[in-house]
Amino acid sequence: MNAFATQIISSDGMFYFGRLKNMIIPAVDGELGILPGHEEMIIALTEGILRYQDTKDVWHKAAIGRGTIQFANNRCTIVVDTAEKPEDIDVHRAEDAKARAEEKLQHKLSDREYRLLQMSLARALTRLKLLDKD
Amino acid sequence: MAQLKEIRDRINSIQGTQKITGAMYMIATTKLRHARESRDNNAVYFSALKNLMERLLRHLPQSDHPYLRISSKPKDQQTHGYLMITADKGLAGAYNQNILKETERFMKEDGGRSRIFVVGETGRRYFRNHGKEIEEDFEYSSENPSHHVGRLITSYLLPLFRDGEIDDLRIIYTAMKSAMEAEVRVRQLLPLASSIEAELDKQIPKDIYNEEFIFSPSPDEVISAVVPNYMNGYIYSALIESFCAEQNSRMLAMQTASDAASSMIKDLNVQYNRARQGVITQEITEVSAGAEALSAI
Chain D
1 MNAFATQIIS
11 SDGMFYFGRL
21 KNMIIPAVDG
31 ELGILPGHEE
41 MIIALTEGIL
51 RYQDTKDVWH
61 KAAIGRGTIQ
71 FANNRCTIVV
81 DTAEKPEDID
91 VHRAEDAKAR
101 AEEKLQHKLS
111 DREYRLLQMS
121 LARALTRLKL
131 LDKD
Chain W
1 MAQLKEIRDR
11 INSIQGTQKI
21 TGAMYMIATT
31 KLRHARESRD
41 NNAVYFSALK
51 NLMERLLRHL
61 PQSDHPYLRI
71 SSKPKDQQTH
81 GYLMITADKG
91 LAGAYNQNIL
101 KETERFMKED
111 GGRSRIFVVG
121 ETGRRYFRNH
131 GKEIEEDFEY
141 SSENPSHHVG
151 RLITSYLLPL
161 FRDGEIDDLR
171 IIYTAMKSAM
181 EAEVRVRQLL
191 PLASSIEAEL
201 DKQIPKDIYN
211 EEFIFSPSPD
221 EVISAVVPNY
231 MNGYIYSALI
241 ESFCAEQNSR
251 MLAMQTASDA
261 ASSMIKDLNV
271 QYNRARQGVI
281 TQEITEVSAG
291 AEALSAI
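Quick mapping for you: the protein sequence lines, in order, are chains D and W. For the first sequence, counting from 1, position 75 maps to 75 in the numbering used here; every step adds exactly one. For the second sequence, counting from 1, position 195 maps to 195 in the numbering used here; every step adds exactly one.
In case anyone wonders, no lab produced these hints; they're calculated from the structure. Some clues are possibly wrong.
Stated by the list, open to error - Between beta-carbon pairs, the in silico distance windows are:
1) D:R112 with W:T256: 40 to 46 Å
2) W:I214 with D:E113: 32 to 38 Å
3) W:S47 with D:K108: 40 to 46 Å
4) D:G18 with W:N129: 51 to 57 Å
5) D:E31 with W:R33: 40 to 46 Å
6) W:Q188 with D:R112: 20 to 26 Å
7) W:P61 with D:D88: 35 to 41 Å
What the hints assert, rightly or not - Sample of chain D residues facing chain W (criterion: CB under 8 Å; computed from the structure):
8) I9
9) E40
10) I43
11) A44
12) T68
13) V79
14) L116
Said to hold, decoys possible - Listed below are the simulated EDC-like cross-link pairs for lysine to aspartate or glutamate, each with C-alpha atoms no more than 20 Å apart in a straight line:
15) D:K129 with D:D90
16) W:K132 with W:D88
17) W:K31 with D:D12
18) W:K50 with D:E40
19) D:K61 with D:D132
20) D:K61 with D:E87
21) W:K101 with W:E181
22) W:K50 with D:D12
23) W:K75 with W:D167
Since the model is a prediction, treat every value here as computed from it, not as a measurement. No residue lacks a Cβ here, since even glycine has one placed at the ideal position from N, Cα and C.
Build the full structure now, drawing on both the sequences and the hints.
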């Protein structure tokens, strides 16, 4: 048992399907590593960078949006609203979104607008962070 | 002669209409192709999302989280929220009517204690014309569904439930049953528990081994983080599903209309030819009668 079956599902399809040896997920209260045979769990994911090591020992990275991870019987299911590989990220769009969100956050906002903007800023920052580190 | 011209005009007018329905058919076909593609891509997410939520609720320790709490108000004082997804445009067969009918059925049962959140212009227009109250500042389009719209709708509705302005929330949308058939679906989004429990009792034998799940940091925090995300995902997927059904329904309606126009034109052409032949026959009769009259002199 040196690998676990993984499905990463985003709202526009199956993002990853295969076996992994190691995975680091962005949870609400910090990053979390997952190895084969992990205890059964359900955890909420937040915007961040997901890193995973496949059976050929290659590490991959993806920017993910909010969602949930579930681990049971050595099977891992991740359901997130968005998941993107570094090469799929549109830098200009992310930069625009960041600028727009930062500008709007300067104004007086309702609670709801504030939360929506925070989320959008977090998504933009995650995307940019994923590109920077490469 | 007058009758001939009338038939000709009628044919022309039907041909004009047929051109429009034909064009709309083409547009709906193209849109449907895109809509079906995004629906197919989304399908795996939608079912995974539902499975995950069911699993989560199944394993959740007893919790009094606000998203799971069933309203303590007496039944006849509860306010029910409905999120209904209609099209922005009409001429889509029975697509809009089916959704409206279903919603009105619920409204009747509630006896005026419902709050209606309408996505799409046709639904809004319908309720306005019938003098029924809907949420006026809830204005979202059903064209080109996006996560953004899903998030906006969730962030609008969730606080209403949290503050007790609505005691439950149902979503009414259209799903594709098969490639050609659509059906109206109703699903309770909030509070979460009751939408699942009934199904679960049937599904799981009581004595089966249940895995113990860890909820980190705590079950309630998982619920707080997961539920808005689940609602986003559900609403987004329902929007995609409905948009696909809308285009499909419009395509079929326009095809039927074009076919009907073709058969009308065919019938009118027969009538036209018959009338024209009648006129010619009459002329020949007149000419030959005239000739005979002349030769008789």
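Verification of the supplied hints:
no.: 1; hint: D:R112 with W:T256: 40 to 46 Å; verdict: holds (44 Å)
no.: 2; hint: W:I214 with D:E113: 32 to 38 Å; verdict: holds (35 Å)
no.: 3; hint: W:S47 with D:K108: 40 to 46 Å; verdict: holds (42 Å)
no.: 4; hint: D:G18 with W:N129: 51 to 57 Å; verdict: holds (54 Å)
no.: 5; hint: D:E31 with W:R33: 40 to 46 Å; verdict: holds (41 Å)
no.: 6; hint: W:Q188 with D:R112: 20 to 26 Å; verdict: holds (23 Å)
no.: 7; hint: W:P61 with D:D88: 35 to 41 Å; verdict: holds (39 Å)
no.: 8; hint: I9; verdict: holds (5 Å)
no.: 9; hint: E40; verdict: holds (5 Å)
no.: 10; hint: I43; verdict: holds (5 Å)
no.: 11; hint: A44; verdict: holds (3 Å)
no.: 12; hint: T68; verdict: holds (5 Å)
no.: 13; hint: V79; verdict: holds (5 Å)
no.: 14; hint: L116; verdict: holds (6 Å)
no.: 15; hint: D:K129 with D:D90; verdict: holds (13 Å)
no.: 16; hint: W:K132 with W:D88; verdict: holds (19 Å)
no.: 17; hint: W:K31 with D:D12; verdict: holds (17 Å)
no.: 18; hint: W:K50 with D:E40; verdict: holds (19 Å)
no.: 19; hint: D:K61 with D:D132; verdict: holds (12 Å)
no.: 20; hint: D:K61 with D:E87; verdict: holds (10 Å)
no.: 21; hint: W:K101 with W:E181; verdict: holds (18 Å)
no.: 22; hint: W:K50 with D:D12; verdict: holds (16 Å)
no.: 23; hint: W:K75 with W:D167; verdict: holds (10 Å)
In the structure shown, no violation is registered for any of the earlier numbered hints.
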